[in-house]
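Asks: Chains as they are written, first to last, in the working numbering: chain A, -5 to 382; chain B, 16 to 131.
Everything labelled a hint here was simulated from the structure, so no lab data went into it.
Mixed in with the good hints there might be a few duds.
Below, computed lysine-lysine pairings styled on DSS-like, alpha-carbon distance capped at 25 Å [to be verified]: (1) 111/B x 45/A; (2) 23/B x 116/A; (3) 23/B x 303/A.
In case you want the letters, here they are:
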Amino acid sequence: MRYILRDFSEQLKNQSFLFTNCDVAKGNFLPHILEEEASTVFNTCDNPARKNIITCKDIHLSKFLAEVGGLSFDLKLSSTFEDLPFYIPVFGRELTGLSDLSNEFPVIATSLVNILDGITLKAGAFHEKSKITFRRSISRQSFGNKKVILFNTGPDTLIESVWHKRDKFKLFDEISKLGFYAIGGLNFSLINGECSLSHVLNQKRSLYSCYLFEQRGSLVIPHTYSLTISHVKRWVNWLRANPNINYVTINCQLQTSHSDMTQLIQTTKYLLYYTPHVHIILQGFQFSYIKHFGHLVDRLHFADMSPFKKAQSHQRLKFNLKDNKLEIIHDAKESLTNLININFSERYLYLKQLRNLSKTDPEFDLTQKPIKVYNFKTKRGVLYKREA
Amino acid sequence: MGSGSNRKDKDQPLIKVPITDEFDIDSIDLGNALIDRCIASFDVKVEKLKFIYPGISVELRNSSGMYVVSILGNDIAVLNKKLSTMIDECSQIGIKYKGIIIEESEVYFARFLRTA
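Excised from the complex, chain A in its bound form:
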C-alpha cells in the first residue's frame, strides 16, 4: 500500500511563480526557514489586510516576530507527565454528566471555546467581541475528582483575539488560575499552500503560548501540528532538545478528506518514530484510520468529543463487538447525563478494540522509516511513504 502525503509536483513545475512570490524562497529567513520550504506555497503572500495569516511581506512583520522572540525554536520547556490514559473524553460548554462519569476516565478535557466568551456568530460569520469574558460554569470545583486538560482550540477568530488581548485581559494569568491539570498550546492554524513563513510563525506562536503558561506555573502540552516534512523535522529537533517534554498534542479537527488524513498520519508517525520518548494526544481523530499506526498506537492518546455531541443530539452509541462497529441509536428518553456516560463508555470500548486490531494488523511493518524525505535536487519523492 502506498500513501502520499501531498504531491506538489504541479506547483513545483512553475518555479518562477513560487520563487518570486514568497520571500522565504529568497533565503530571507535563513537559518530558521529553508528556501525550499517555499515550494509548498501556492497562494499569494500579498496580504495587506492581514487576513488569516501574517505573511513574509507584512510591513509589521518585525513586531510579530519580536513578540515571540523570533523564529528560532529555542524555547526551553520542562512539563513532564506521568502516564495519561489512552482515551480522554472531551466535554463541551457545560460539564453535564461529569460528576457521574465512570472512574475509567480519570482525565477529561475541554477546549478554549468552551471556557471563553469572546466571539459571536452573526450574519454567517464569527465576529470578534470587544471584551473577552470567562464562562461561569468552568471552575476548579466543577471538575470534581477529575484531572481536566484545557486544549486551546477554537475558531481562528477567537484564537487570534485571545492572543492579541492576552495582556489587556490578563488571560494567561486567569486561565492558569482555573486549576486545569494541563494546558495545551494555542492552536494557530496551518493551512496547505499558504506562506511558509506564516506556518513557522504560527508554530512558534503556539510554542510561545506554552512558554507563557509554563511561566505561570501550569503544566503544558505543546501543539506540534505539521503539514510538511520540514515542519515535523523542526518539532523533532525541538523535542530532542527538550527531553522533559513527553506529551504533545495535535488538533485533527480540520482533517476531513482522505488526503488530509494521510498527511496527518505520516507526520504523526514520523514524530513518533524519531522521538521515542514522546506520546501524542490526537484531538478529534477519525478512529477509522487508527489501524494505520500499528504498534505505534501504544504512544497515542485520543481526546474525543464525539460522544458528547451525539448525546446532545439524543443519539446513543452502542459498540457491536461482533462486527467491530459502533452503532448509533436515536434515544429521546434517556437523560443527557446518562447518554453522555453511556456514549463515552461505548466509544472507549470501540477504541480499545481498534487499538488491539491496529497492533495485530499484519500489513504494518514498523521496521521501515515512515517517510521518505523530498529531494529538492532531483525533485523526486515528494513526501512519499514506503511501498508495502
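Model the placement of chain B on the given structure of chain A, informed by the hints.
Replies: Here is chain B on its own, set in the frame of chain A:
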C-alpha cells in the same frame, strides 16, 4: 484551528498588530481600529423579486456616496450611511465584501462576507 487544506468561510479573522513600541502606539492603534470597523459580515434585507433566488451573487456599487446592492445591473437595496462609510474605509486597506442572496424564515437577505 488546527491544520488542513481549507479554511472555513465563517472563520476568517484579520490579524491585528501587536503594540511593542511606545513610539508607534498611535499609528498601530489607528490601523487596528480600522480592522475592528471592517466587520466580518453583514446582512441587508432585499425584496423577493422574480429574478432573485438564494445562492445568486450580488455586487456592491457606489452611487453618489452611498452603496447599493445590485444584481445584473438592477439595484435591489441601499446600504445605510454607516455601512457605506465602512465599505469606503475598508476598501482603502484592500478589504472588500462578497455577497450572495440567502433566505431565512422566508425573507431574502443579501449576505456579505469580508474578503481581502
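Asks: Checking against the hints above, which ones are violated?
Replies: Per hint list: zero violations.
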